[in-house]
Every structure is written in structure tokens, then in C-alpha cells.
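Residue strings, one per chain:
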Amino acid sequence: MKLRFALAAAALTLMAGAFSVSAQDRSPIYVYTDSDTNVSDFWTNFIIPAFEEAHPEYEIVLTITRGVGGGNADIAGRALAALETGDDPQADFFEQIGVDSQQAWVDAELFLELNEENVPGLANVIEATNRLPQELPYRGSQVLLAYNSELVAAEDVPTTYAELIEWIQANPGQFVYNRPDRGGSGAAMVTRAIFEVTGRDPSVFIPGTADETLIGQFPAAWELLGSIHDSIYENGSYPAGNTPVLELLANGSVSMITAWSDQSLQAYNLGILPETTAFAQLQDLPFTGGYTYGAIPSNAANIEGALTLADFLLSLEMQQTIVEEIGGFPAVAWDLLPTELQSQYTNVITDTVPTWPGGDYTAAMVEGWYNNVATNIDPAS
Amino acid sequence: MKDDSDTLMTTLPTPAPRPSWRKAAIAYALIAPPLLLMVFLIFIPALQSTARTLTVDVNGTPGFTLSRYIAFFQDPVSVSNLMFTFQITLITLLVIFLVCFPLALYLRFANGRLAGAVQVLALFPLFVPGVILAFALIRFLGTRGTLDTMLSIAGFTGFRTPYLKPDAIVFGLVWESIPFTVLVLTAGLRQVSDALIESARDVGANNWQIFWRIILPQISRPVLIAFSLNFLGIFGSYTIPYLLGPAAPQMMGVFMQQTFGQYRRPDDAETQAVITFLICAVVGLLYVRTVASQRKQEQDS
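The listed protein sequences derive, respectively, from chains G and X. Numbering-wise (my numbering), the first sequence opens with residue 1 and increments by one. Numbering-wise (my numbering), the second sequence opens with residue 1 and increments by one.
Any given hint could turn out to be false.
Claimed, not checked - Taking CB as the label site, the calculated pair distances span:
id	chain 1	residue 1	chain 2	residue 2	range
1	X	Y238	G	Q169	32 to 40 Å
2	X	L30	G	A81	37 to 45 Å
3	X	A117	G	A170	51 to 59 Å
4	X	F73	G	A220	47 to 55 Å
5	G	E304	X	P34	55 to 63 Å
6	G	G70	X	Y238	19 to 27 Å
What the hints assert, rightly or not - Chain X regions said to be covered by chain G (calculated; three or more residues, Cβ under 8 Å):
id	region
7	68-81
8	157-169
9	195-209
10	236-246
Unchecked claim - Think about it this way: if two alpha-carbon atoms lie no more than 25 Å apart in a straight line, the pair counts; the simulated SDA-like pairs of lysine to any residue are:
id	chain 1	residue 1	chain 2	residue 2
11	X	K165	X	A32
12	X	K296	X	A32
13	X	K165	G	I303
14	X	K165	X	S80
15	X	K165	G	T63
16	X	K165	G	E234
By construction, these hints were calculated from the structure, which means they are not laboratory data. Ideal placement from N, C-alpha and C gives every residue a C-beta, glycine not left out.
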């Protein structure tokens, strides 16, 4: 036994030695992520092996900063300090970061501008990603309808918001969405009602100071959502998160929900959502969604490698993997992906990805919903 | 001189040896960290908050106002949340005592393996974090959850889930409070002497009379302690009401977080916090008085 252990240990040491030798030959790309486990696992199991096979001259060193202090923002802070002193930031690529979330980063031009010259793949990226010049949109997610196809016939699935409202009223207790401040899937149901009563034009909502005339129209949305309050699961019970809502669909308590595409498609692929689950998107104006943006610090030691990685993420092969493995939406146009994959997602494909401006609009949206839709008390009484 | 000292010896009790200044310094140094922590992290911020909610900026000079409190009590949503918090807290406390008294009495008077097992079970919730408990209860109490399934196997199909309703909050909070309450009540019951109960029984008292006339008066203090500490915990609870309760009305903990983080109205959240703090302070006072009177009694005896 002991001998075997010793042998195994020796073999491991040798392997580690061999590994480190080969690692020395390859130039490292330091990647940081603070995204959820499904994303960091996706990097470890798919992106990194595929990239290192396609580009054997590079080695990705992935550090997971999730749950540690400020996550990637702390590393970006370190990169900023390194930029000021001219040191190596030891960070070449951020898997996800808000490049303009701190004014100091913007002022110091901490992040490299990306264009079709240094990242050719950006040519394929769709308009809906709405990126800043420093941002690399590489995966997206959008809220959609998930339903039990055994209980809801394909022809009965709502295609417009008005039809959805009608369906909910006709099928009391069979639909649920979560509180709008407790997960984006429920928020999308509420923001879509606001879009519905403001002319279905999300472009009038501009981030920044809220437009009072728009907020003045919110009560019509409360009336619309109030009209389905009693028809929601258990006479108007709203769970406190995306996951509890998915669970209610999974265990058959309800037959239709709003859900994030990535969360529900992944749950579906893992068998958490039953095989009878199907997905649909509203055709008059889809639910809101968003993209995840990577970025490269301008003082990265391995800019060459980071740019190669950025371009690799936008390759059609990787974009396809993002759809298949994490249920993400591609940052490139759907029609560039295999027809087979397109037909599988045909009900949810849209090149329109409305966004909600956040900030004061969110505060007014959440408070208005709690005070007018979730309760029977009239705050003006 | 000798006479003097003799009279002193007989008329005055021997004074307790005074602690030297070094001993006193050590004692103060030992209690200083928690005391300073309390002062700087609790008392001063609480006072500052209270002061802030009572001042208004009139052309640059601060003035006294009750406007924030008037606004709170004029807002039907805020008032309904406060009333809801009271309601849930009192119902939960009632259920806690209904569940824990029999348990504690059983554990006090029973011996053997079964009692040991019951004790372990009663203390088990102590080791389950609130979030885990909430998700376990969603699975257990939810539509098509464990309870629903068991009932339908037994032929009962009219089950309506308490999940996302006030009942679920009571359920979760009661479960969470059992260990502490049972511990306090059992400890109190241990101080009731067997001899007293046996003599009462000898003169013909039945079980109810023994409980009402002999046991309860002797453990009123542990009951008050369990009441006040549970009240404080329940009144300010967050995780259970947030995950298991309805979207509206809300308990104060959830409401405050919501007002502060989502509605972005820190001033109103502060007012809600001060109101909650004052209510809890009254109950806290009850606790302090109970403990202090016990100390005094122990010193006297």
C-alpha cells in the first residue's frame, strides 16, 4: 500500500513538473470572473480547453473572485493602481465588469477600446447588445414565457401582452411571476406592463433622471397588473425570487411563468424542469433582457492574448456553445448559428432585446407595484 | 480603645473587603470592549438616527418636527405593515408557548431514552440556518410539497398551501424559536422542587392545579424572559417573512429593507427603524427589569 502511494505521489510530482514546464512555454492570460457557478464552470470545462487547443501558445489562468469583497471591481481597482505606478496589473481579461461603473476607471481610461480591427469578431455582434466601445458583449439572457406544453396547447400560447393578460384571467391560479425587486424575471413582467401602457417603445426610457410624465403613466400599468392579481397563483401570491418561480412550474403548481432564458434553459437541460416544458416570447414587444460584457485593461501585460481570447469568445463555435451549455443568448445574430439550433429556439429568437433604464425608474416601478398591485390597500385613501 | 472596637464589631456588619484600585481597573478593562462596542455601534447610532428623524432643515437651521412620524402613521401601507408585524409577533408568541410548555414540562418530568430523543429533536432547529429552513419549508408546505402529497395519499385533497401567506411566517418562526424557548422553560422548571409538587399532590391537587398554582407562579420569570427575547427576535425578523410571507402586507424588517434599498427613501426607512426600535426597547426594558429583579432577589437571599 505504502509503495503504491509513494509511486502515485512520484507520478503526480512528475506530471506536475511536466505541466509547469509546458506552462512556462505558454504565455499566460490572467482572466477574472465573479459570475455565478454555472458561468465559471462553463469557463473551466468548455472555454478554456477549447481556447488552449485552438491557441496552444496561450495558457488561461482563471481566478474566481465571486463572493470575495467587491469581486472583479476589486481587481479592476488593483489594475487602476498598477496603471498609475506602471506595474503589471496581473489581469488581462475581465469576464464581466461594468466598465463605466466607477468614474475613476473612465477618467483614467482603464479599459481598452475594442473595435473590429483589434477584435474582428465584433463585426458579427448585433445592435441590440448596445455596447460601449470598451465592452465585449459575449453572452446574453432574456426573459421569456416558460409553460407546461401538456397543459397549454401550442395555439393557446399568448403571442402578445394583451393575450397574456387574457390567458391569465381565463386560467386563474395557473400563472405566477416574482416580486419585481426580487429577480429580473418578475421585474420583466412589470416593466412589460409599463411598456404596454406607454406605447410599447422602450427607447423613450433613457437612463438617468426619470421623466415625470412617463412615471405619471405608471398607474395604468398598475391597473393592468391589478386586473390579474386575483388570477395569479394562490389568489395573488408572489414568490421572492427567480428560483422559487421556476420551482412552482417544475412541480406543476402553475402552468406558465416568466423566466430568464439562461436559468430556465439550463434547468431544462439538467432535467430540473420537466421535458414537457416549452418556451415562448411575446411577438409585439419581447420581455427585457441584457448582455454580459467582458473588458480588457489597457495596461494588461498580455494584450495580444486577451484580444485573441475576446475574438475567440465571439467565434460562432463559442457562441453556439453558449446557447447549448448555459442557455445563454448569443451576442451575434441568430442566423449565423446552425439552422438546427435556430429551429430549436425558434419560439424565443428575437433580435429585439428591450432594456429597462433602472435607477429612479426602478424605484418608482417597485414601490408602485408594492403599493398598488400586491396590496388591497389604497395608499391614497 | 478596646471598648470602641468591640462596639463596632457588634453593631456593624463586617464591611466587605474593598477591591483595590488594581482590581477595579482590571474589571473595567474587561468590560470596556463590549461596553464601548455597545455605545459606539448601537447607542450612539440609535440616538443619532432618532435625532435625525426629529429634525427638519428650515433655511439651513435644524428645527424640531414630528412630520416624518405623522407621515408614517398617515400612510395606510406603513400602518398596515406595523399592525401586521404586531399581529404576527403576538400570534407566533402564543403558538410558541402552546407548543413549548408541554414540551418543557415533559422534558422536566420525564426520564429515559425517549425524553433524550425528544430533547435532541427540540434543540435541532438551533443548528439549522434560517435560509435553509425557509427553503425546506417551501418544499414541505408548498403546493404539491411533502405535506400536500401525504395528505392526498391519506385522501384529503382540500389542502391550501400556507406558502406566501401569513401562516407560513408563523410556522417558520415558531419552528425557529422552539429550542431557545424550551431551553429557558426547562431551566426554569428545574428550579421547581419535586417536594413541593409531591406535597401538593398529597393534599389532592390535580395536574392542572399543580401547573396553575404551583409551577406557573414559580417560573414567571423564565416565561417573561422567553417572551421578551422571542418578541425581539420575531418583531425584527427578516429571512423567514421575506422568503415565506406574502408580498403585502410585510413585516417591519422586510419593509425597512425594501424602503431603504428598493424605494431609495433612506429617511423613511430610518423613521420605520426608529419606530421598530422604540417598540422593541419597551419589551427590552421588560427583560432588563425581570433580570435585574432576579439579581436583587438573589443578593437579598
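Structure-based check of each hint:
| no. | hint | result |
| --- | --- | --- |
| 1 | X:Y238 x G:Q169: 32 to 40 Å | holds (34 Å) |
| 2 | X:L30 x G:A81: 37 to 45 Å | holds (42 Å) |
| 3 | X:A117 x G:A170: 51 to 59 Å | holds (52 Å) |
| 4 | X:F73 x G:A220: 47 to 55 Å | violated (30 Å) |
| 5 | G:E304 x X:P34: 55 to 63 Å | holds (57 Å) |
| 6 | G:G70 x X:Y238: 19 to 27 Å | holds (24 Å) |
| 7 | 68-81 | holds (count 4) |
| 8 | 157-169 | holds (count 5) |
| 9 | 195-209 | violated (count 0) |
| 10 | 236-246 | holds (count 3) |
| 11 | X:K165 x X:A32 | violated (45 Å) |
| 12 | X:K296 x X:A32 | holds (24 Å) |
| 13 | X:K165 x G:I303 | violated (55 Å) |
| 14 | X:K165 x X:S80 | holds (15 Å) |
| 15 | X:K165 x G:T63 | violated (42 Å) |
| 16 | X:K165 x G:E234 | holds (9 Å) |
Hints 4, 9, 11, 13, 15 from the earlier list are contradicted by this structure; the remaining hints agree with it.
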